[in-house]
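Chain residues, written in single-letter form:
2 protein chains.
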Amino acid sequence: MTPIITAFECSPDRGKGLARDMRIRWALEEVGQAYEVRFLSFRDMKQPEHLALHPFGQIPTYEDGDLALFESGAIVLHLAERHAGLLPTDANARMRAIAWMFAALNTVEPPIVERSMAWLVEREETWYAQRQAVLDERVRRRLGELSGRLGDADWLDGDFSAGDLLMVTVLLRLQSSGIVDEFSNLAAFVARATARPAYQRAFQAQLAAFRQAASAGASSPAP
Amino acid sequence: MTPIITAFECSPDRGKGLARDMRIRWALEEVGQAYEVRFLSFRDMKQPEHLALHPFGQIPTYEDGDLALFESGAIVLHLAERHAGLLPTDANARMRAIAWMFAALNTVEPPIVERSMAWLVEREETWYAQRQAVLDERVRRRLGELSGRLGDADWLDGDFSAGDLLMVTVLLRLQSSGIVDEFSNLAAFVARATARPAYQRAFQAQLAAFRQAASAGASSPAP
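Residue numbers (full-length UniProt numbering), protein chains in the order written: chain X, 1 to 223; chain G, 1 to 223.
Please keep in mind that the hints were generated in silico from the structure rather than gathered at the bench.
Note that the Cβ used here is the ideal one computed from N, Cα and C, for glycine as well.
Some clues are possibly wrong.
Claimed, not checked - Partial selection, computed: residues in chain X whose CB lies under 10 Å from chain G:
no.: 1; residue: L51
no.: 2; residue: G65
no.: 3; residue: S72
no.: 4; residue: G73
no.: 5; residue: A74
no.: 6; residue: A99
no.: 7; residue: F102
no.: 8; residue: V108
no.: 9; residue: E109
no.: 10; residue: E122
no.: 11; residue: E125
no.: 12; residue: W127
no.: 13; residue: L150
Said to hold, decoys possible - Partner residues aside, some chain G positions facing chain X, computed with beta carbon under 10 Å:
no.: 14; residue: A74
no.: 15; residue: T107
no.: 16; residue: V113
no.: 17; residue: E122
no.: 18; residue: R131
no.: 19; residue: E145
no.: 20; residue: G148
What the hints assert, rightly or not - So these bits of chain X aren't anywhere near chain G, every CB distance computed over 10 Å:
no.: 21; residue: R38
no.: 22; residue: Q47
no.: 23; residue: A84
no.: 24; residue: R140
no.: 25; residue: Q175
no.: 26; residue: G178
no.: 27; residue: D181
no.: 28; residue: A187
no.: 29; residue: A195
Turn these sequences into a full structure, and let the hints steer you where they fit.
Structure representation (structure tokens):
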């Protein structure tokens with residue numbers, strides 16, 4: 001059976017590839033697994049049918065036969081366990097790659113999302129400049145630590161893994177800020193990852209979906 | 001060999017059990033694995049020796065023979081994979097439990113941490129009341145969705161799992177806010193989990209460590 005994922009009918013990032021279905025598309029492309037996409041409007045995402053799949057009413061989800069999953073980290077881990085190419089075979093190296101998956105989602109992403117949320121909901125407030133400086137510093141500190149660990153290696157721990165994949169999708173959320181470019185090894189890390197053919201295929205697929213929806217007049221959900 | 005974890009020499013929560021070593025202690029107690037603790041001052045955590053173990057200079061870490069891990073989610077997953085009791089044996093149910101681990105750390109925890117951070121660094125600012133209301137609503141929305149999914153079940157998906165363990169440690173961070181108590185099934189879920197003998201043993205162990213450090217005059221690191 002071909003697995004089915006869900007994605008925004010019309011992505012709020014207008015095809016920049018920052019929505020979380022991109023993580024799953026990229027992982028699927030890395031392991032060479034074909035997939036189908038069910039597109040959801042913001043309204044669809046909050047309906048009982050989708051809430052049965054995703055308790056928080058978000059995308060992506062993943063369905064394959066009698067397995068239904070939510071949470072992009074879990075879906076990427078599932079794909080990495082079922083197919084070769086995204087996790088080392090050595091048991092210790094495998095766990096270290098998984099540690100980088102959690103680091104991407106629980107240590108590096110939260111301050112980046114908080115920074116984006118502040119821009120979305122507070123940028124007209126009098127205090128925004130003051131808060132933005134604090135949030136930028138917090139992000140910079142995390143990226144400095146990440147940069148220190150990466151050093152001049154290509155990937156975070158040995159070969160490219162699901163840990164690198166998730167970390168890069170998190171860093172891409174800072175694209176418009178210029179903060180990643182302050183760390184030349186991190187900028188090169190992101191460039192190296194996004195040059196992978198699997199990333200490119202995934203990116204083009206989500207962009208094509210956005211363009212088709214936009215030309216059909218679908219509206220983006222609130223981010 | 002007995003695994004070694006790291007924890008705060010003097011926890012900033014003053015023994016309330018909210019530091020992330022508690023997740024590891026609890027998981028170790030659930031699976032019946034003895035462990036040792038190396039206590040670190042805030043200064044120790046930023047030294048090269050610890051940064052080699054934890055790129056972001058935090059606690060906890062986990063060392064067992066030639067395996068060294070960071071990220072509490074990854075350490076709990078490692079323990080759950082090595083020992084029986086924290087993940088179902090059925091492959092699909094196992095992945096669903098892992099999805100709840102990621103949901104706890106990537107979907108539920110970030111708005112809760114953002115709320116706590118605001119209290120820590122912004123509570124004297126003129127805008128704090130306005131922001132707090134927004135942050136409380138964001139947390140409430142997530143908890144409402146979680147409550148809707150839990151319904152009248154004891155645990156999030158079948159038997160108690162590493163997903164429940166992590167989710168409860170995340171909800172405990174809201175302890176002083178009263179927000180969890182607005183959802184009676186979530187309050188019962190937390191009470192059910194923290195009544196487990198393994199939780200109680202882990203809680204007492206970290207409390208004893210805090211009391212010993214405090215009576216020896218150690219100072220808490222900045223949270």
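Status of the hints after comparison with the structure:
no. : hint : result
1   : L51  : 7 Å, holds
2   : G65  : 9 Å, holds
3   : S72  : 8 Å, holds
4   : G73  : 4 Å, holds
5   : A74  : 4 Å, holds
6   : A99  : 4 Å, holds
7   : F102 : 4 Å, holds
8   : V108 : 8 Å, holds
9   : E109 : 7 Å, holds
10  : E122 : 8 Å, holds
11  : E125 : 7 Å, holds
12  : W127 : 5 Å, holds
13  : L150 : 9 Å, holds
14  : A74  : 4 Å, holds
15  : T107 : 6 Å, holds
16  : V113 : 6 Å, holds
17  : E122 : 8 Å, holds
18  : R131 : 8 Å, holds
19  : E145 : 5 Å, holds
20  : G148 : 7 Å, holds
21  : R38  : 18 Å, holds
22  : Q47  : 13 Å, holds
23  : A84  : 17 Å, holds
24  : R140 : 13 Å, holds
25  : Q175 : 20 Å, holds
26  : G178 : 22 Å, holds
27  : D181 : 20 Å, holds
28  : A187 : 18 Å, holds
29  : A195 : 24 Å, holds
In summary, the structure agrees with every hint in the numbered list given earlier.
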